[in-house]
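Chains as they are written, first to last, in our numbering: chain A, 1 to 335; chain B, 1 to 299; chain C, 1 to 322.
Just so you know, these hints were derived from the structure itself, not from any lab. These figures come from a predicted structure and were not determined experimentally. Warning: the hint list may mix true and false statements.
To be verified - Ranges between beta-carbon positions, derived for each pair:
#1 Gly164(C) x Thr159(B): 39 to 47 angstroms
#2 Pro119(C) x Ser261(A): 52 to 60 angstroms
#3 Leu115(C) x Pro36(A): 49 to 57 angstroms
#4 Ala223(A) x Phe123(B): 48 to 56 angstroms
We put the CB at the ideal spot given by N, CA and C, even for glycine.
What follows is each chain in one-letter form.
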Amino acid sequence: MTAAEPLLALRDVVTTFRTDMGRVPAVNGVSYSVLPGETVGVVGESGSGKSVTVTSALGLLPHSGTVESGQAVFAGRDLFTLGERELQRIRGREIGLIFQDPMSALNPVMTIGRQISEGLRRHDRRLSRSAARARVVELLAEVGIPNPAARARQYPHEFSGGMRQRAMIAMAMANRPRLLIADEPTTALDVTVQAQILALIAQVQAETGAALIMITHDLGVIAEIADRVVVMYGGRVVETGPIGSVFGKPGHPYTRGLLTSLPRLDRPAAELYAIPGQPPNPMFLPDGCAFRVRCEQSQNRVECWTQPDLTALTPGHASACHFSHELAASEEVSR
Amino acid sequence: MTVVQEVTPSATQQPEMAVPPGRLAVRRFMRHRLAVVGLVVLVLMGLATLVLPLIVTTDPNAVDPTAFRRPPSSEHPLGTDSAGRDVLARLIAGGQISLLVGLIAAFGATVIGMTLGAVAGYFGGWVDATISRLTDVVLSFPTLIVVIIVVAFVGPSLTTLVLAIALFDWPTACRVVRGLTMSLRAQDSITGVIGLGAGPLRILRKHVVPTVVAPLTVVATILVAQAIMLEAALSFLGLGVPPPSASWGNMLNEAQSLSILESMPWLWLPPGLAIALTVLAVNFVGDGLRDAVDPRTTR
Amino acid sequence: MIAFLVRRLMISGVVLAAMSILLFVLLQVMPGDPAEMMIDPFSFAGNREEAVARRREQLGLDQPVVVQYFRWLGELLQGNLGYSFSSGRAVSEVMTTRLSGTIRLMGASMLIAVLVGIPVGIVAALRRNTAVDYTASFVSLLAISVPSFFVALLGIYVFALTLGWLPTAGMNSPGGTGLWDSLRYLILPASILGFALAGPYMRYARSSMLEVLGQDFLVTARSKGLSRLQVVGRHALRNAMIPLVTVAAIQIPSLFAGAVVIEQIFAWPGMGRMALEAISARDYPILLGFVMAVAILVVVCNLLADLAYAIIDPRIRIGGRA
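Same shape as in the complex, but just chain A (with noise of 0.2 angstroms):
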């Protein structure tokens, strides 16, 4: 890839999250990039910090969580010297997001089209109210909701699973933003009603141009739409680089351990790999490597008490392990 300006570049984010224990870290200096138009996926366990690195970064965290330090650099501008105004501006008309949940997501007593318009109105003040609504029913059908006119003016109980994170695509794609950040858009959903919904981001994203933000703890997803991925373990990037050479060569235990526990149409279901133990709680992160208690590359060495940085292994693709040469050498072995 040349070097295009990214259009969000994330640099050593750090959050922590005041709790009843003191103050938590769960995002320990994690950095990535969005260039324009790419999708990146971000994958990791619940606990990761996938999700906080972003609501950091457009300043949603909720009131316990404060970012220490770090750079969120979106279209030059960096995100945490902005004020609440400018973030607002560029919320929602620049930067749409997709949540996990589209009942808890959307308002219960506001309309499925209030809800969308307001967010059109607020971001272009000359729009009227009709054409605003006009807009609504376009986004809406563009979306694939059938009667957009009248789903409009239904409120999300009325909606289906399905059709409420339609709606909740229309409401993010509703100013054209540059960038989508779809959190987890599938989990609550039926597994029938999951592709679709992945297939119409992809859809919206191909029509508008706008780059993507993926994030899921299913690397299915990821391989199914991501030009990068972004691993992320107790709140640190462990390996991020180009969907195929991660997936062809991961440079972390913890990714291949993911890529083993894929399903495989030449084993069966049964022998079903996972990843020994729990994932971290992010208040008693081991020192070192955070994946070092669980990691079988590790064996405890000595060197996984010192935390790995993350380094190259080929142009764009890079680890944070004491040992990817062994692991990729294991690699070619077992190939």
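Chain A is already provided as a structure; the job is to place chains B and C on it using the hints.
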């Protein structure tokens, strides 16, 4: 599609496991400074009503024919009332009665509520439906008015008062216990115990009671505050503790006369402050207990 | 929504029917003769004995209890609640004259409680864990804990007796008319009663707002770039109001209980004072009328709460999940 494990203990729970839950509750309670202050005030109040009678030996009902409506003096530290009785002695005696009525009535209401709630939650079906409807109805009638009406027909006495409050102030306790019993009932372990032939009484004693004790304490505390308020209001209206016995409420009854209200504050300020302070203290303790028992309540 | 409301109406009907049975039982155990009660003790001219006997026959007091109940209920529905023992006036008439006083007092108190309690509770929630929040919570607990009759005594002592700004009792000055005169008399009792109710309202408003503030759809609203005011005003408030309206309506009967005490202290000619007077005069017909008024108030307020809930929440209004 493959899914990375999503199971994770909620971030705030795990470390607390290191501390025994009981001590953690105590810690949360102590963090409520006002609750601690409330508890101290209550203990002092209780001690005062028990110990002070040994020091202030004046008979609360004794009439001093030489002193009617006298301002505070060395002989009568809080003055005397219209019948020449010592206000301090009456305040102490009234405190005993007010606190006692509050505690007994609230205890009665809690027991009634717990029994009905446990029965409703345990048996479900039409039993539950009937008890729940009854709870709704009793709850929607203001207790003060119901008790006023009962007293109007039966006549005021200490027993009537306690019974009436207990009989009409149980719905909150009932709701809490009913909910807990139902969720307990739904658990497999209980179903198993029932399968082994344990009777309802045994289940209630062995499983329901331990579960509901903590939340029920919170409810009971609030009921104590309500009962003290009800007693005071009724006695104030002349429908509660009948004279000559003193209670904080009936001591205030006299202050309805404007001349007393204006020129003899020693007659009405002390009992009024005593009621206000006590109920406030009980409510502070109740709030603290609620947070200690249920940390999820918004702080 | 129709199904929901019909169900609620039926429940109200059951409650009222149960109340009427209770009243009837009270009437049976009460000292005095029900037939006697239904005849004006003062202005009735003619042979009273005979009239009582006739009325007794009309009511069928020799008939089975069930028949008696329905006859009595019939009279009741026609508005015949009997006559006051002490004044001899019809109970319905006495109650009508007293009703306006109570409505004025309760209306003003309700207004104060809503206008003070709900905004303060909402601000406390928005400023959670700040000095504003702590102060508001303390004041609301004060309002709940300090008995209103003591606040009333203090209020009279300070504002009427010491400062002389407001009258001590009554609804109007002797012969006085006009809005200002009425207002002067209304201010003290209404604010004290209103303050007592503002406490619980403040707590409900705060917790209900906090509940909503934690909801996902508020993040969605912010993600659209809405201003803080729009997020709170358009999205949070409306959702917080749904439980609040219900609670506010259900609390009205307890306001009535408070009114009994306040009316007594301020010599306010309302229903509560009427009831207390009836108790000391052993005027049972009036007391029965009062009980019935309370029952109707309770049922109406519950219905009001359901209706408001159904109107404000589209999940009930459309789709009718009862």
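Could you say whether the range 49 to 57 angstroms given as a hint is met by the Cβ separation of leucine 115(C) and proline 36(A)? holds, 53 angstroms
Just to be sure I understand the hint, the distance between the Cβ atoms of proline 119(C) and serine 261(A) should be within 52 to 60 angstroms; is that true here? holds, 54 angstroms
May I ask you to test the hint 39 to 47 angstroms on the CB atoms belonging to glycine 164(C) and threonine 159(B)? holds, 44 angstroms
Does the Cβ-Cβ separation between alanine 223(A) and phenylalanine 123(B) fall within 48 to 56 angstroms? Holds, since alanine 223(A) and phenylalanine 123(B) (Cβ atoms, about 54 angstroms apart) stay within the stated range.
Comparing the model with each earlier hint shows no violations; every hint is respected.
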